[in-house]
Amino acid sequence: MKKLCTDNFKKARKNWGDETAEALYALIDLLKASSNLQDVNAMQIYNLHSLKGNRAGEYALDIKGRSNSYRLVFIPLNNEVTKENLVMFYKSISIIRIEEVSKHYE
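Residue numbers (this note's numbering): 1 to 106.
Please note that the accuracy of each hint is not assured.
[What the hints assert, rightly or not] Listed next, the in silico DSSO-like pairs over lysine-lysine satisfying Cα-Cα at most 27 Å (straight line):
#1 Lys32 x Lys52
#2 Lys64 x Lys103
#3 Lys14 x Lys64
#4 Lys14 x Lys83
#5 Lys11 x Lys64
#6 Lys11 x Lys32
#7 Lys10 x Lys52
#8 Lys32 x Lys14
#9 Lys64 x Lys83
#10 Lys64 x Lys10
#11 Lys64 x Lys52
#12 Lys103 x Lys52
#13 Lys103 x Lys14
#14 Lys32 x Lys64
#15 Lys32 x Lys10
#16 Lys32 x Lys83
#17 Lys52 x Lys83
#18 Lys103 x Lys10
#19 Lys11 x Lys103
#20 Lys91 x Lys32
#21 Lys64 x Lys91
Calculated from the structure, these hints are not laboratory results.
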């Protein structure tokens, strides 16, 4: 997954199309530049949200806003605050592991 998200733009374009691949790489750049997940959450276009059911503990970001059904699914690796206060929870997360890029409804 790391190679598709950071090292192989040509293959990413083949898998997800030009627009989605470009938006994914822009989102990855934003994640790298952010000091914590709250920086990304403040940009509401990405619709940071927790997943439910058998995906509890995972989170997703819409890759190109709500108009595109692709999402980046990840697990926070260093959260130290409970989810009672989401802003503080997201501020406590600075390391994530990307699990997948998927089309939400497939």
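Hints, verified against the model:
no., hint, verdict
1, Lys32 x Lys52, "holds (26 Å)"
2, Lys64 x Lys103, "holds (12 Å)"
3, Lys14 x Lys64, "holds (17 Å)"
4, Lys14 x Lys83, "violated (37 Å)"
5, Lys11 x Lys64, "holds (18 Å)"
6, Lys11 x Lys32, "holds (21 Å)"
7, Lys10 x Lys52, "violated (32 Å)"
8, Lys32 x Lys14, "holds (23 Å)"
9, Lys64 x Lys83, "holds (26 Å)"
10, Lys64 x Lys10, "holds (18 Å)"
11, Lys64 x Lys52, "holds (21 Å)"
12, Lys103 x Lys52, "holds (16 Å)"
13, Lys103 x Lys14, "holds (15 Å)"
14, Lys32 x Lys64, "holds (17 Å)"
15, Lys32 x Lys10, "holds (20 Å)"
16, Lys32 x Lys83, "holds (23 Å)"
17, Lys52 x Lys83, "holds (14 Å)"
18, Lys103 x Lys10, "holds (19 Å)"
19, Lys11 x Lys103, "holds (17 Å)"
20, Lys91 x Lys32, "holds (15 Å)"
21, Lys64 x Lys91, "holds (23 Å)"
Of the numbered hints given earlier, the model fails hints 4, 7; all others are met.
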